[in-house]
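2 protein chains.
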Amino acid sequence: MSIFTGLSAFPLTPLHDDVVDERAFIRGIERLTLAGVDSITALGSTGSYAYLSPDERARVARLAVDHADKTPVIVGVGALRTSQVLTNVQNAEDVGAAGILLAPITYQSLTADDVFELFRTVTEHTKLPVIVYDNPGTTHFAFTTELYGRIAELPGIASIKIPGVPTDPDAARARIREIRAATPDHITVGVSGDAFAAAGLNAGCDAWYSVIGGTLPEPALRITRAAQEGRGADAVAESERLAPLWGLFAEFGGSLRVVAAIAEHLGLAPASCLPLPLQGLNAEQRSRVAEVVRDLDLDE
Amino acid sequence: MSIFTGLSAFPLTPLHDDVVDERAFIRGIERLTLAGVDSITALGSTGSYAYLSPDERARVARLAVDHADKTPVIVGVGALRTSQVLTNVQNAEDVGAAGILLAPITYQSLTADDVFELFRTVTEHTKLPVIVYDNPGTTHFAFTTELYGRIAELPGIASIKIPGVPTDPDAARARIREIRAATPDHITVGVSGDAFAAAGLNAGCDAWYSVIGGTLPEPALRITRAAQEGRGADAVAESERLAPLWGLFAEFGGSLRVVAAIAEHLGLAPASCLPLPLQGLNAEQRSRVAEVVRDLDLDE
Chain D
1 MSIFTGLSAF PLTPLHDDVV DERAFIRGIE RLTLAGVDSI TALGSTGSYA
51 YLSPDERARV ARLAVDHADK TPVIVGVGAL RTSQVLTNVQ NAEDVGAAGI
101 LLAPITYQSL TADDVFELFR TVTEHTKLPV IVYDNPGTTH FAFTTELYGR
151 IAELPGIASI KIPGVPTDPD AARARIREIR AATPDHITVG VSGDAFAAAG
201 LNAGCDAWYS VIGGTLPEPA LRITRAAQEG RGADAVAESE RLAPLWGLFA
251 EFGGSLRVVA AIAEHLGLAP ASCLPLPLQG LNAEQRSRVA EVVRDLDLDE
Chain F
1 MSIFTGLSAF PLTPLHDDVV DERAFIRGIE RLTLAGVDSI TALGSTGSYA
51 YLSPDERARV ARLAVDHADK TPVIVGVGAL RTSQVLTNVQ NAEDVGAAGI
101 LLAPITYQSL TADDVFELFR TVTEHTKLPV IVYDNPGTTH FAFTTELYGR
151 IAELPGIASI KIPGVPTDPD AARARIREIR AATPDHITVG VSGDAFAAAG
201 LNAGCDAWYS VIGGTLPEPA LRITRAAQEG RGADAVAESE RLAPLWGLFA
251 EFGGSLRVVA AIAEHLGLAP ASCLPLPLQG LNAEQRSRVA EVVRDLDLDE
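If you read the protein sequences in the order shown, they are chains D and F.
Residue numbers for the first sequence follow the numbering used here, beginning at 1 and rising by one.
Residue numbers for the second sequence follow the numbering used here, beginning at 1 and rising by one.
Honestly, the hints are just simulated from the structure, not real lab data.
Just to be clear, a hint being listed does not mean it is correct.
Every beta carbon over 10 Å from chain D, so not counted as near; a handful from chain F, in silico [unchecked claim]:
1) 23
2) 81
3) 154
4) 184
5) 249
6) 267
If you want a taste of the chain D side facing chain F, the calculated C-beta under 7 Å gives, among others [claimed, not checked]:
7) 108
8) 118
9) 144
10) 253
11) 272
12) 277
Straight-line C-alpha distance at most 25 Å; calculated SDA-like pairs for lysine to any residue [said to hold, decoys possible]:
13) F:127 <-> D:276
14) F:127 <-> D:127
15) D:127 <-> F:18
16) D:127 <-> F:17
Ideal Cβ placement from N, Cα and C applies to all residues, glycine included.
Please model the complete structure; the sequences and the hints are all you need to start from.
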């Protein structure tokens with residue numbers, strides 16, 4: 001079975017005084033492995049890849065692989081310049097990554113041809129399987145289904161990380177069918193946007209590329225296993241139980257600041273673990289997070 | 001008089017096979033100095049700063065200062081992480097920059113407080129005067145006038161680079177008055193978005209932070225000097241003469257690809273001088289550019 005199925009957990013890369021806190025990162029990787037996630041994606045958006053130097057990224061990738069036991073480790077390689085991406089790809093290969101995750105990050109906007117050529121160049125330079133990372137909220141690049149199809153035909157493309165699905169179950173199923181119709185059979189489709197995970201898995205997504213899975217693997221596994229075992233209603237019920245958490249994601253400008261605050265609150269990361277200029281949540285927001293952690297038993 | 005007035009020319013940083021073409025860059029700096037621009041801003045968006053490594057940026061900044069004769073050189077220092085910005089600031093100081101240009105570039109979105117703290121930290125670490133670079137098209141951060149005001153109170157802030165003005169002259173004047181009312185008297189306001197330059201200067205902007213000024217200084221100087229000498233109608237007439245160029249900027253997704261194609265067409269930069277994945281314009285688009293260059297006598 002493809003490693004690009006089930007729950008892929010995206011850990012934070014916690015910083016302490018602008019230096020990667022390696023002990024906290026390793027402890028996080030070991031927790032995920034013990035919890036039994038299906039794969040770990042280090043250096044995703046949740047892992048602050050875009051903020052780290054090539055050397056920091058190579059080191060974090062190595063720590064992830066060295067401490068993940070038999071859990072496959074996928075490594076985010078995105079960068080603004082193609083040659084920088086290729087450096088990250090080489091480093092991911094060198095440390096023994098099982099796959100790579102590539103987002104077309106932008107400063108100047110990119111055309112569809114620019115993005116296609118980026119993926120063509122990368123797949124030409126590596127034998128590692130590649131996840132196409134569609135994250136318009138951070139990259140400001142809008143993939144079309146047609147571009148998914150063009151890129152997915154490249155040798156080495158293994159999966160597409162999509163940014164959520166429609167909330168209506170029929171519309172969600174139709175959307176996944178549309179992506180499958182445009183892409184080869186071996187391509188898996190993984191949902192992201194944690195609030196959409198149950199809906200996405202129930203609609204036929206093969207994987208969940210999960211922010212909370214990287215810090216709170218237990219509830220993420222409950223949703224994933226329920227959907228995989230055909231207990232779609234249980235997956236939805238667990239997702240609905242977590243609605244206050246999804247509410248904080250929406251209210252506080254995305255998942256990263258909230259998950260970092262949870263990790264700090266639970267002692268899994270040092271205080272102010274995000275790279276500046278990201279200050280993280282303020283005191284009042286943090287007390288709201290702590291309340292939700294307690295009410296939802298996320299500290300168990 | 002403040003160096004943050006008049007025409008600030010933003011040169012390209014041409015690459016050849018993914019390496020900075022230092023000879024082409026130096027030739028460009030010498031052309032600008034000879035033409036008599038008021039300042040040179042190296043490593044602006046037009047100078048591809050976001051794509052270059054800290055070492056490449058330090059080298060380009062040094063070349064600019066070393067070859068600009070008495071023309072003040074401002075250096076772009078923006079980066080995703082505050083500590084990376086501080087490295088670039090230190091390097092700009094070391095090479096003798098006269099000022100720095102700082103945009104709050106984003107991967108995760110930034111709050112107003114994140115951006116304020118970024119500018120506070122930078123101004124605390126340097127005596128170089130700082131231009132606040134508001135470029136929502138690339139940073140996806142939306143400044144408010146109130147945030148201009150908070151940041152402009154910081155010691156060391158010298159100028160604000162605004163992203164255009166309303167096309168109606170009365171509305172443009174009102175907008176500049178609004179910014180002046182919110183900021184201390186020593187802060188200069190510079191317009192960007194070349195199509196808005198004549199309107200912005202006529203509405204009272206002190207400076208034009210200019211893309212074409214970095215590659216085609218003569219027409220940019222004609223607009224600037226006309227506006228400075230109170231010949232507003234002449235500034236507008238020259239800007240209107242260049243309308244086919246502004247049209248290409250709008251049609252081809254911004255100024256950078258067009259100006260790079262012009263520089264390549266005129267032999268001022270090697271072919272494909274932008275950092276990949278930016279492929280630049282295609283053959284058909286380039287022939288349109290060549291036609292406009294010829295029709296507007298931009299090759300003189």
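Which numbered hints turn out to be false for this structure?
Result: hints 2, 9, 11 and 14 break, sorted rising.
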